[in-house]
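With the hints as extra help, turn the sequences into a complete structure.
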Amino acid sequence: MNHQNENSPLIPTVTVKSKHSSVNNIDDNHSYSNSSISRFKIYKRRWYILSMYTVIALTCNLDWNTWGPISQACKILFGWGNWQVLFLTSWSAISIIVSAIPSTWVMNEKGLRKSVILCTFLLTAGKAFQVIPSSDPLTRTILLNIGQCISMLSTPVGLGAPPSISATWFPPKERTTATAISTLFAYLGVACAFVVGPYLVPITKRVHIGSVDVAFTNHTVYDIETMTTNLSEYMGIQLGISALLLVCVLVYFPDKPPLPPCATSSSRQHSYVTSVKKLVVNGPYLYLGLIFAMSYGVYAGWMAVLSLAVKPFGIDEYLSGWLGCAAVVAGILSGVCLARVVDYIKSHTKTVLILLFLGTTISQLLFTLTCSKIIPFSKPLLFSSIIFGGLFFNVTTPLMFEMAVETVYPIAEGLTAILLLCIGYSVYLIIIITFMFPVMNVKWINWATVILNGLCVPGLMVYKNKFRRLDLE
Numbered sequence: 347m348n349h350q351n352e353n354s355p356l357i358p359t360v361t362v363k364s365k366h367s368s369v370n371n372i373d374d375n376h377s378y379s380n381s382s383i384s385r386f387k388i389y390k391r392r393w394y395i396l397s398m399y400t401v402i403a404l405t406c407n408l409d410w411n412t413w414g415p416i417s418q419a420c421k422i423l424f425g426w427g428n429w430q431v432l433f434l435t436s437w438s439a440i441s442i443i444v445s446a447i448p449s450t451w452v453m454n455e456k457g458l459r460k461s462v463i464l465c466t467f468l469l470t471a472g473k474a475f476q477v478i479p480s481s482d483p484l485t486r487t488i489l490l491n492i493g494q495c496i497s498m499l500s501t502p503v504g505l506g507a508p509p510s511i512s513a514t515w516f517p518p519k520e521r522t523t524a525t526a527i528s529t530l531f532a533y534l535g536v537a538c539a540f541v542v543g544p545y546l547v548p549i550t551k552r553v554h555i556g557s558v559d560v561a562f563t564n565h566t567v568y569d570i571e572t573m574t575t576n577l578s579e580y581m582g583i584q585l586g587i588s589a590l591l592l593v594c595v596l597v598y599f600p601d602k603p604p605l606p607p608c609a610t611s612s613s614r615q616h617s618y619v620t621s622v623k624k625l626v627v628n629g630p631y632l633y634l635g636l637i638f639a640m641s642y643g644v645y646a647g648w649m650a651v652l653s654l655a656v657k658p659f660g661i662d663e664y665l666s667g668w669l670g671c672a673a674v675v676a677g678i679l680s681g682v683c684l685a686r687v688v689d690y691i692k693s694h695t696k697t698v699l700i701l702l703f704l705g706t707t708i709s710q711l712l713f714t715l716t717c718s719k720i721i722p723f724s725k726p727l728l729f730s731s732i733i734f735g736g737l738f739f740n741v742t743t744p745l746m747f748e749m750a751v752e753t754v755y756p757i758a759e760g761l762t763a764i765l766l767l768c769i770g771y772s773v774y775l776i777i778i779i780t781f782m783f784p785v786m787n788v789k790w791i792n793w794a795t796v797i798l799n800g801l802c803v804p805g806l807m808v809y810k811n812k813f814r815r816l817d818l819e
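Oh and the sequence shown: position 195 is 541 in the numbering used here, straight run, nothing missing.
By construction, these hints were calculated from the structure, which means they are not laboratory data.
Here are the simulated DSS-like pairs of lysine-lysine, each with C-alpha atoms no more than 27 Å apart in a straight line:
#	residue 1	residue 2
1	Lys390	Lys456
2	Lys519	Lys810
3	Lys696	Lys624
4	Lys812	Lys624
5	Lys789	Lys657
6	Lys789	Lys421
7	Lys519	Lys602
8	Lys719	Lys789
9	Lys421	Lys551
10	Lys519	Lys812
11	Lys460	Lys390
12	Lys810	Lys623
13	Lys519	Lys390
Ranges between beta-carbon positions, derived for each pair:
#	residue 1	residue 2	range
14	Pro722	Thr780	26 to 32 Å
15	Asn491	Leu596	24 to 30 Å
16	Ile447	Ser718	37 to 43 Å
Quick reminder that beta carbons are idealized off the backbone N, C-alpha and C, glycines included.
Printed below as a string of structure tokens:
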């Protein structure tokens, strides 16, 4: 077998007659040898680009979920209440809503490279604020919030670019898989925060009292100095990761391959402003946005308060964190496998989504019935309902992205996905705000997750699926 270098395609260069020359506005220097012939290539480096972006997205999720798993330690260090922890967490939703339009403009007008550089720069700058030391709890709290706000401004590109990456670098038979890999493996950031946070910032008790920086809470003596150092080191590790990613994308992260993988990877007809206008009046897209908000926004809000839901059963934050971690990992494993299948049966994407939402609804119903004491409590049942809920639900996000992109093509994939996220995070923000009030009971969010995910089933049944991009390919 002859060795193929990086400049050679992984498969032979494809030369095809274009049946859609009026739609395929492909760069003449790279894609056309004449007015009716197109050339396409698939490059090995696409996996490096996907891997690099996935690590960036993972870091965004790690930053977002930093504070929940170490909330008890922060309460001791800074005297926070539950609302301060939830407020720090809410910066992800606030920032994505505020920065969605400028982020998508940069992505559309300046390309993927500058967008990803800006994303990693914001991650790094935010963490730089959070490592600034201060002995005053109020000053440190302000610095942590400023840093969190800046870091989370990266989330539109950090979480919403998977469809753009897959459309730019991958052929049609790999797109859903690529979108699923970058979307789902990014959830490992959430899982890592559950495990790494409490390990690096444990609640440390002091045996001998001999220092002024000792806090007394319920007759327990805490080693404030050690806990402060541990938190600073945790922030420093995150700063180092973000800075390394910034260097990596500066060294190599191109806008696009020299030749596109297929005709639809390069075809665009609309300017940015025109694209936004078309999206906000596109009925089928807005309908998918409603379904996405009902599912993604509510489920993300439920996961954020999972520890409160299971607390009455004697399950502490550490164990609830592991349950959340297990749900994420289950979703990743099932999602990548299922996405690979969907790449070959794209016309049945809606059917797959209906089955996934049905599985999510059943899992959440069992969890809610247990929490409401309608059925007898059983740890295996409670744990399995959480894990299977994640196994079914997490797969829906990349499939919803791909379905929305197919619906509105040739509008840019990144813009389409980020505005969907914006709609979903608006619902998530409302849920987080409600739980900042101590009197709020967690039972309503359990039932809301069941009902709204259940409504997605008939909602998708009546939706007329479109494959504008697939039909051209």
